[in-house]
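Build out the structure end to end from the sequences listed, making use of the hints.
Quick note, the sequences are listed as chains A and B, same order. For the first sequence, the residue numbers in the working numbering are 1 to 447. For the second sequence, the residue numbers in the working numbering are 1 to 447.
Where hints are given, some of them may not hold.
Because identical chains share one entry, a pair is satisfied inside a single copy or across any pair of copies.
Claimed, not checked - Pairs of lysine-lysine, DSSO-like flavour, derived with a Cα cap of 30 Å:
1. K230 to K246
2. K70 to K219
3. K184 to K109
4. K289 to K70
5. K31 to K219
Please keep in mind that the hints were generated in silico from the structure rather than gathered at the bench. Computed from a prediction, not measured in an experiment: that's the story for all the values here.
Protein chains: 2
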Amino acid sequence: MKKILQHIDHTMPSLVSDLQTLIRQPSVSAKNEGIEQCARLVANMLKKSGIKSEILRLRGVAPLVYGEIKSKKNPNKAILFYNHYDVQPAEPFDLWDDPPFSGVVKGNKIFGRGSTDDKGELITRIKAVEAFLQQTGDVPCNVKFVIEGEEEIGSAHIEQYLKKYQKKFACDGVIWEFGYVDAKNRPIIGLGMKGLLYVELTAKESIRDAHSSLAVIIKNPAWRLVDALKTLRDSSGKILIKDWYKEVTPFSKSDLELLSKEPFDESGFKSEYRISEFVNNKKGIGVKKALAGDPTCNIAGMISGYTLQGAKTVLPSSAMVKIDFRLVPKMDPKKQMARLRSHLKKHGFSDIQIKMYHGEAASRTDPVSPFVENVKAAAKSSFGSYIVNVSNAGTGPMHSFASVLKAPCISIGSTYMFARIHSPNEFARIDLLKKTTKCMCHILDKF
Amino acid sequence: MKKILQHIDHTMPSLVSDLQTLIRQPSVSAKNEGIEQCARLVANMLKKSGIKSEILRLRGVAPLVYGEIKSKKNPNKAILFYNHYDVQPAEPFDLWDDPPFSGVVKGNKIFGRGSTDDKGELITRIKAVEAFLQQTGDVPCNVKFVIEGEEEIGSAHIEQYLKKYQKKFACDGVIWEFGYVDAKNRPIIGLGMKGLLYVELTAKESIRDAHSSLAVIIKNPAWRLVDALKTLRDSSGKILIKDWYKEVTPFSKSDLELLSKEPFDESGFKSEYRISEFVNNKKGIGVKKALAGDPTCNIAGMISGYTLQGAKTVLPSSAMVKIDFRLVPKMDPKKQMARLRSHLKKHGFSDIQIKMYHGEAASRTDPVSPFVENVKAAAKSSFGSYIVNVSNAGTGPMHSFASVLKAPCISIGSTYMFARIHSPNEFARIDLLKKTTKCMCHILDKF
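Now the structure itself:
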């Protein structure tokens with residue numbers, strides 16, 4: 001292992017430059033920008049590292065890059081690295097200090113959309129395998145790469161890919177596409193993820209915008225939407241849709257124990273986002289319980305009428321809002337969608353159009369699993385310490401992997417908690433990329 | 001008069017081409033685009049028509065174009081034409097069939113931003129004076145032109161101009177910058193206008209957009225704004241701000257009489273905007289009372305977070321809404337502004353930033369005035385019939401003119417009710433431009 005770890009130390013410049021190459025290829029799935037090109041780039045990068053790669057396809061869907069390398073000495077066990085090559089849109093552009101797809105390095109940081117999420121994470125997995133191949137000519141176990149192109153728009157087809165290639169993807173453990181690292185440089189071993197229901201609501205009235213003096217007789221769809229929104233949620237954040245929380249179960253005793261051990265730097269977090277208090281003035285265990293277990297109804301975007309500078313007296317003809325609902329275990333996205341639909345109908349808003357972007361169930365991995373022990377040991381070796389997290393606040397298709405591949409899924413990686421993922425000036429920390437690459441080596445070694 | 005009216009008939013091509021010249025010079029006051037250039041263009045156009053013109057200035061403010069021509073035979077009476085050379089923003093561009101500043105003629109219509117509002121109206125006043133000058137070498141009374149450049153952003157400095165040039169602008173009657181023409185080609189003689197309070201509210205929370213999974217602990221400013229908005233107005237449109245309606249007086253008996261005589265083509269209006277019913281299912285006199293006398297709280301625009309295509313899971317850092325409140329006589333914009341401010345404070349929304357764009361009081365002219373009789377007769381001569389309207393639903397600085405110049409103000413003009421002013425594909429009807437030019441000649445002749 002010493003030789004492997006030294007190899008990582010010596011080849012960091014190549015890791016950084018390969019990551020820059022990935023960042024410089026935009027791959028915004030929300031706009032279908034550069035997806036095909038980025039898939040090819042990633043497949044070639046796997047090959048360059050000695051990993052057999054191919055591009056798998058489903059009709060009319062972003063391609064999936066698959067990589068595989070068989071172990072000579074341990075051909076009966078396989079680990080699967082799940083990652084994604086697509087990124088979030090970079091808007092608003094004017095808030096970036098450097099162009100979002102430039103991959104500028106400043107000191108210990110590489111800036112760019114995807115620098116952490118998820119191109120930075122992906123490169124650590126590739127480089128770990130490359131280190132074993134270059135130093136030993138073998139890998140400690142079979143390794144599979146599943147790198148999809150639709151994660152940022154909800155992984156709508158990953159389950160279809162998983163089912164179609166169930167045999168090819170068969171494995172004994174999944175390393176998730178990211179893992180957070182906290183302000184004290186401790187990796188967070190994540191055992192679960194929340195689910196998501198993402199919808200767009202649109203209210204329409206007249207066929208075109210009108211002079212706002214006509215607001216006395218033509219209904220205003222922006223007000224219509226505000227009226228509808230106000231029925232969904234109270235000002236504390238509680239969702240008012242009937243039976244929304246019906247299947248939600250409280251934390252188990254062991255969950256609560258893990259949560260109580262979990263550190264969370266409240267003042268560091270607040271100062272990073274320059275906020276004075278948390279929602280409902282939550283503190284301590286309340287904050288941690290919310291992150292791991294609270295469903296949300298979040299306005300991700302809304303627009304109507306004239307929004308540029310100055311005053312335009314206009315009565316808009318339509319208004320639109322995008323909402324993401326985070327779900328917790330046992331909440332079924334389809335059932336929740338039906339509840340939303342019947343709520344709007346019941347409250348007299350059946351004129352409001354609903355578009356469902358995607359739904360994803362939540363997932364949690366059993367903390368009592370040898371794979372969890374393996375990852376804990378690897379994290380301890382490379383980072384010095386670690387934290388175990390009951391569930392991440394975010395969403396990923398963990399439920400699909402766990403149910404189709406029947407393998408435990410664990411999230412561990414290089415995602416610095418304040419790396420501004422999904423926001424302007426996203427960056428990756430080079431020191432964490434190095435530690436994470438070493439951590440992946442330990443995981444493979446001990447598998 | 002016959003010669004004058006024939007002159008109008010013969011010179012319509014020059015009216016159309018001069019209007020195209022005006023449309024082709026963008027002059028969007030909301031963005032300070034082309035304002036100075038358009039002022040110079042208008043001043044030169046007045047000169048070309050034989051009217052002495054000059055550009056008046058206040059520091060840091062859009063210039064005002066002033067025109068004047070003295071009458072030899074009747075130098076003791078003056079009529080003042082109030083118009084504006086600025087236009088509304090043309091957004092959304094993609095809904096225009098032709099470029100908004102192209103002035104394309106198709107049959108009886110000239111298309112373009114400002115084709116009616118207010119460049120079309122302005123050209124009728126100029127051409128009426130030009131006809132007298134070219135045919136008789138004189139005008140029937142002194143004529144003054146006050147053409148401002150900030151009407152579409154609330155005429156914030158017209159009162160200052162009026163006060164500074166009170167003597168220069170002295171007159172015995174004001175013809176307003178526009179006048180509606182209904183679906184049956186009847187001009188509407190308008191005796192009043194509503195006031196306006198235009199504000200922008202902004203809610204801010206964290207310093208930057210965040211991953212929406214953090215919505216469990218970081219407050220969402222879009223929700224904050226929705227919560228605040230919902231306290232301003234109930235779903236029927238009633239404004240919930242304390243004392244908002246305190247000074248509002250009911251219609252007088254003679255107002256109601258005028259309103260009952262006023263025709264309003266409900267089904268024509270509905271089919272034009274493709275709406276199935278009016279606000280609160282208003283009908284008959286209810287619709288007309290609302291247009292002349294209901295205050296409003298209209299969302300003119302709102303934006304937060306990600307509003308492009310696809311799904312972005314983001315927690316916005318800010319949310320903004322633009323609101324225009326229409327006011328009726330005796331409502332003081334400053335007092336209403338203070339009420340809005342204290343309402344938000346009282347309801348716990350003092351964190352919401354308020355920007356006031358402008359305030360304008362409502363105005364009504366006494367129907368018993370010789371000037372009203374003059375305009376009625378002119379309208380009868382040129383259009384064949386007319387309608388008298390208690391108050392327009394829209395806003396203009398009529399209150400400033402009436403109070404500073406102490407002259408009756410009447411609105412009459414060529415603005416076809418469905419001319420899409422403030423909307424994409426705004427147009428002017430050439431037949432109405434001709435009739436209005438002739439109507440202006442009659443008004444001057446009988447003054």
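Verification of the hints:
| no. | hint | in the structure |
| --- | --- | --- |
| 1 | K230 to K246 | both (21 Å within a copy, 28 Å between copies) |
| 2 | K70 to K219 | neither (65 Å within a copy, 48 Å between copies) |
| 3 | K184 to K109 | within (17 Å within a copy, 69 Å between copies) |
| 4 | K289 to K70 | neither (41 Å within a copy, 81 Å between copies) |
| 5 | K31 to K219 | between (32 Å within a copy, 28 Å between copies) |
When each numbered hint is compared with the structure, violations occur for hints 2 and 4.
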